[in-house]
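Engineer: Residues per chain, in single letters:
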Amino acid sequence: MYPGDYRYSKDHEWVKIDGAIGTIGITDYAQHELGDVVFVELPKVGARMKRGETFGSVESVKAVSDIFAPVSGEVTEINAALGDAPEKINQDPHGAAWLVRLKLADPQEASSLMDAQAYESYIAGKAQEQSA
Amino acid sequence: MSPKLTETEAPPAALRKAGLQVSQDEALIFERSASGKRGMELPPLDVPAVNAAGVLGDNFVRDGINGFPEVSEIEVIRHFTRLSRWNYAIDLGMYPLGSCTMKYNPRVNEYVARLEGLASAHPMQPAAVAQGCLRILYDLEKALLAITGMDAATLQPAAGAQGELTGLLMIRAYLASHGNPRQKVLIPDSAHGTNPASVVISGYQVQNIKSDSRGQIDTDHLREFVTEDVAALMVTNPSTLGVFERRIAEIADILHERGAFLYMDGANMNALAGIARPGDFGVDVMHLNLHKTFSTPHGGGGPGAGPVLCKKVLEPFLPVPIVIRKEGRFALDSNRPQSVGRVRAYCGNFGVLLRALAYTLAYGPGIRQATQDAVLNAIYIRKHLEEYFDLPYDLPSLHEVVFSDARQKRNGVNTMDIAKRLIDYGFHPYTTAFPLIVPGAMMIEPTESESKQECDSFIDAMRSIAQEAETNPEIVKTAPHHTRVGRLDEVAAARKPVLRWKP
Amino acid sequence: MRYLPKSPSERQEMLDAIGVRSIEELFETVPAKFRLREPLPLPRALSEPEIIEYFKARAMENAPGYTCFLGAGVYDHYRSVVTDAMVQRGEFLTSYTPYQAEISQGTLTAIFEFQTLMCQLTGQEVANASMYDGSTALTEAVLMAERLSGRHKVLIARSVHPEYRQVLGTYGRNLGLEIEEFGYTGSGQADANALGKEKLAQAAAVVVQSPNFFGVLENISELADLAHQGGALLVDTIAEAVSLGIVKPPSDADIVAMEGQSFGIAPSYGGPFVGVIASREKYVRQMPGRLAGQTTDANGHRGFVLTLATREQHIRREKATSNICTNEALFALVATVHLCLLGKEGLREMAEQNVAKAQFALSELEKIPGVRRAFTGPVFNEFVLEFPRSVKLINAQLMREKIIGPLAIGTHYPELTKRGLVCVTETMPRTEIDRLAAAVRRLLEVPL
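Chains as they are written, first to last, in this note's numbering: chain A, 14 to 145; chain B, 1034 to 1536; chain C, 616 to 1063.
No lab work stands behind these hints: they were computed from the structure.
It is possible that part of the hints are untrue.
No more than 25 Å apart at the CA atoms, straight line, and that leaves these computed lysine-lysine pairs for BS3-like [to be verified]: (1) B:Lys1243 x A:Lys75; (2) B:Lys1359 x A:Lys57; (3) C:Lys1007 x A:Lys75; (4) B:Lys1175 x C:Lys648; (5) B:Lys1175 x B:Lys1359; (6) C:Lys934 x B:Lys1217; (7) C:Lys934 x C:Lys982; (8) A:Lys75 x B:Lys1345; (9) C:Lys671 x C:Lys982; (10) A:Lys57 x A:Lys29; (11) A:Lys63 x C:Lys982; (12) B:Lys1529 x A:Lys101; (13) C:Lys897 x A:Lys101; (14) B:Lys1359 x B:Lys1344; (15) B:Lys1529 x C:Lys897; (16) C:Lys1017 x A:Lys57; (17) A:Lys23 x C:Lys934; (18) B:Lys1359 x C:Lys1033; (19) C:Lys768 x C:Lys934; (20) C:Lys897 x B:Lys1243; (21) B:Lys1535 x B:Lys1070; (22) B:Lys1344 x B:Lys1217; (23) C:Lys897 x A:Lys57; (24) A:Lys29 x A:Lys75; (25) B:Lys1510 x B:Lys1442; (26) A:Lys75 x C:Lys1017; (27) A:Lys116 x A:Lys101; (28) B:Lys1345 x B:Lys1359; (29) C:Lys982 x C:Lys1033; (30) A:Lys139 x A:Lys57; (31) A:Lys116 x A:Lys23; (32) A:Lys139 x B:Lys1243; (33) A:Lys57 x A:Lys101.
Label pairs and their computed distance ranges (CB to CB) [said to hold, decoys possible]: (34) C:Glu640 x B:Ala1209: 43 to 49 Å; (35) C:Ser836 x A:Thr89: 37 to 43 Å; (36) A:Ser134 x B:Leu1469: 39 to 45 Å; (37) C:Glu740 x B:Lys1070: 48 to 54 Å; (38) C:Met616 x B:Ala1209: 42 to 48 Å; (39) B:Leu1078 x C:Leu790: 27 to 33 Å.
What you are looking at is a predicted structure, and each value in this text was computed from that prediction instead of being measured.
Built from N, CA and C at the ideal position, the CB exists for glycine as well.
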């Protein structure tokens, strides 16, 4: 379920590295917690993102979730399709509903993020916490 | 309006109090409109008519108002009468809404608000011919000061949130006049959303502080948080769990030691009026919600009024104008050099203030009994529902009680579902999902306006739903079943907002 | 007590069920030193007839039998009794905020109609479900412009209502808003030439009022062009909403902040009234206040819900567009019913009657030696007159004839002494206009 070649943050963002370019989105866990997505707020092309800082938000009817940058860089592309169809985030969070593409400030940064296996254990742990 | 529920759909044999909405469909007024109809006629002009374009200039005159309604008087009456029948209301039954204090709106208040000399008063008419209005303001202030144990008041703020802002501005002005306005205001994580929002608008930063394991302010650790940077702590007392902050005097002392202020959100005053006065337990400045404790009608969302009461030390900073009395005459005084300024035009929601005064005149010192009845109702309901619903914080509560949906959640039934099913039993839901420190919160406040029968009805309904959550969770999860419209698609409404009618 | 539905025996039953002996025990959680031992020192409880007597006495202490020529943001217009018949229905009066849509369709449908009417009147694309009043609507509109533009300078015309400007100042001072006032010309209109390129390039908003405090109509399209050239938004505030029955709607303004008191709401010594913010659809997520949106249920029935709630305090908390929670819903309903009654033709006729009455009053008063209009710009139902002596003195004498005369505007505009603001709506009988003119003429004939 969680693509093996992505890296994952504790705040439930994923990043896919292609050389010097990073593609960022939110995970299936995050979209499930949020419920039906109604709106996405994204930065402008050219904006600089710093790892750990918020760069936008995802809204459901009753909640807003800030999205935190898993890596640093400069925004080169944003996913305009989400403006008209925010539900893509619920339907295909790891693929068609990518949020931004970045020119990475430091391609090594991603290595300190979790891999798919570590992330899956992490969210399994969270699920246990909640039902306790 | 008695319902005819079929056997298969009816709620269980326990007391039924359903109010079925009339299922008649009613179009929007624009959809009933047709050219040439009018609902109101004016007396003819007794001065010469003029050509507007000639007087104002062509470029200032509009063509017409496209799509504006054209209907007759009877169509207006029928339209709004039909719409009204789709609403629940206090006049129909209980609203167990925690934190809202939905009590009876006395009708004499409506009558006196409409008296000719009061309804027609212009806010700028000279004080000599406004003595009646000014005395109403003065008498209300006196009553509110007596009830809260504070020293001075402003009746200007239009609602609780604006009262919060006003109190924070006053604190800021005081601290600034002493050289340093400071930067932060402490907000418990159980606070109402207006609290942090008001802090930001007053120019301060919010610092959230976690409640302790019993849902109270963590007084043991409070000293660490009250640095020289902190201007105030905003407390709600009783808390949003309905529990009195037992260490409130200590909390006030800690703040005062560091030159900070204690602000009290007075939303829960219905547990204290006539029993205890915030001025006595260390509060420096607070607001009241007249549309809560003081019975002014909610009217579908407002108006309200949020008077601010303060201790002497903050009096110079009150908004202008203030009401003064000199040699038996009343006047408005704007000559207050340290005032924070005006927070709205004119002197406040006078019509609301007037209704609140009528309420206090009706009770006098007997307001204590209203408070006692409110607390009696809440504890009675708590006692009867404790076995059925999870009580996350078990300290003794006053006028409201907060359960959680933890037990029902095991069958996939959450607080929103239970709330919607309550509608089928003829009640408005309780407050769902607040305060934030209780996941799946169910906040119940029955007010003194509820009879024993109404409370018993409510208890029976809640018990019945708890049972349904065990034996037939689907019926709860898909509620309500007996309303004109079912659960509405809020997702579509937010994704593609349609916020007006178009021809 | 008539508002408390419990008999003494029922109270006892409930205490027994809880397991306590007295009600006092229920308050033990309040520390003893704070529990009041005596009843509050309030006057004794009054019966309903006594309450009515108290307020009737207060009403008589106001201005019974006086004729009032005041406007200045609060206007006396005809109000139908049908409005009260609707608004006094318990289902509207005593209902709560419509968070539970299934049992609040009455309120939500009416809000949707209100929002629509406000758009139709102002020529804007979306309108909210109400703010507290015109002054706070203006303030929130300016904050909205600040968020949208990312700029912090505000250029506001002095011809905007003084109390509205004061409120903006109270809020703006603590939020880093740089508020700069600019003047007016001999026409009584905002001085567009005072808006230099440099200032506009830094401004979040240019703020005007139309009709302005002097009663004069502003050139909204021109001002909008000017503002837009500098990258600023134009905020137009409207205190006399009936003007929209005849005056061109401010569709070129980016945000309209209106006071709806003129739509069937009594002057009531200053409140409650109803503010509204109307703007472009693309700005809706930065708009404060509640919004009712159309949707359907699972069976396809049309219904209405509060929507875009993530802008608001109960969800967004410190990041909300505003701290507003309780608004003026009942008075938005008053305005809605009133406008439905008046309708397209009725509102236009009312507006035209205002223009006619004001023109008549103006011409009669200008016939008085020494009295002339202060500004040349077009007026709706208010105008400023210049008098040969202090307006306060004139008013003191008019009061003896039970006339509340022009508002002396010298206190708010030190450069405009001996000027008074006169308001004449459709409700002012010609005989009273004649009486005012005769009284002013008479007292001016007597040397000081």
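Engineer: Next, verify each hint and record whether it holds.
Structural biologist: The hints, checked one at a time:
1. B:Lys1243 x A:Lys75: Holds, at about 22 Å.
2. B:Lys1359 x A:Lys57: 61 Å, violated
3. C:Lys1007 x A:Lys75: 56 Å, violated
4. B:Lys1175 x C:Lys648: The given pair, whose Cα atoms are some 24 Å apart, holds under the 25 Å limit.
5. B:Lys1175 x B:Lys1359: Holds: B:Lys1175 and B:Lys1359 sit about 15 Å apart, inside 25 Å.
6. C:Lys934 x B:Lys1217: 15 Å, holds
7. C:Lys934 x C:Lys982: Since the Cα atoms of C:Lys934 and C:Lys982 sit roughly 58 Å apart, the hinted pair is violated (cutoff 25 Å).
8. A:Lys75 x B:Lys1345: Not satisfied, since the Cα-Cα distance of roughly 42 Å exceeds 25 Å.
9. C:Lys671 x C:Lys982: 40 Å, violated
10. A:Lys57 x A:Lys29: 20 Å, holds
11. A:Lys63 x C:Lys982: 72 Å, violated
12. B:Lys1529 x A:Lys101: Between B:Lys1529 and A:Lys101 the Cα gap is close to 15 Å, so the pair holds against 25 Å.
13. C:Lys897 x A:Lys101: 22 Å, holds
14. B:Lys1359 x B:Lys1344: Roughly 22 Å between the alpha carbons, so the hint for B:Lys1359 and B:Lys1344 holds.
15. B:Lys1529 x C:Lys897: 12 Å, holds
16. C:Lys1017 x A:Lys57: Violated, at about 64 Å.
17. A:Lys23 x C:Lys934: 23 Å, holds
18. B:Lys1359 x C:Lys1033: 29 Å, violated
19. C:Lys768 x C:Lys934: 21 Å, holds
20. C:Lys897 x B:Lys1243: Distance of about 38 Å is beyond 25 Å: violated.
21. B:Lys1535 x B:Lys1070: Since the Cα atoms of B:Lys1535 and B:Lys1070 sit roughly 20 Å apart, the hinted pair holds (cutoff 25 Å).
22. B:Lys1344 x B:Lys1217: 21 Å, holds
23. C:Lys897 x A:Lys57: 17 Å, holds
24. A:Lys29 x A:Lys75: 30 Å, violated
25. B:Lys1510 x B:Lys1442: 11 Å, holds
26. A:Lys75 x C:Lys1017: 57 Å, violated
27. A:Lys116 x A:Lys101: Holds - the C-alpha atoms of A:Lys101 and A:Lys116 are around 24 Å apart, at most 25 Å.
28. B:Lys1345 x B:Lys1359: 19 Å, holds
29. C:Lys982 x C:Lys1033: 17 Å, holds
30. A:Lys139 x A:Lys57: 33 Å, violated
31. A:Lys116 x A:Lys23: 22 Å, holds
32. A:Lys139 x B:Lys1243: 21 Å, holds
33. A:Lys57 x A:Lys101: Since the Cα atoms of A:Lys57 and A:Lys101 sit roughly 20 Å apart, the hinted pair holds (cutoff 25 Å).
34. C:Glu640 x B:Ala1209: 43 to 49 Å: The hinted range 43 to 49 Å holds for C:Glu640 and B:Ala1209, with Cβ atoms some 46 Å apart.
35. C:Ser836 x A:Thr89: 37 to 43 Å: Cβ of C:Ser836 to Cβ of A:Thr89: about 40 Å, so the range 37 to 43 Å holds.
36. A:Ser134 x B:Leu1469: 39 to 45 Å: 28 Å, violated
37. C:Glu740 x B:Lys1070: 48 to 54 Å: 27 Å, violated
38. C:Met616 x B:Ala1209: 42 to 48 Å: Roughly 46 Å apart at Cβ, these two residues keep to the hinted range, so it holds.
39. B:Leu1078 x C:Leu790: 27 to 33 Å: Violated: the Cβ-Cβ distance is about 47 Å, outside 27 to 33 Å.
This entry does not satisfy hints 2, 3, 7, 8, 9, 11, 16, 18, 20, 24, 26, 30, 36, 37 and 39, going by the numbered hints stated previously.
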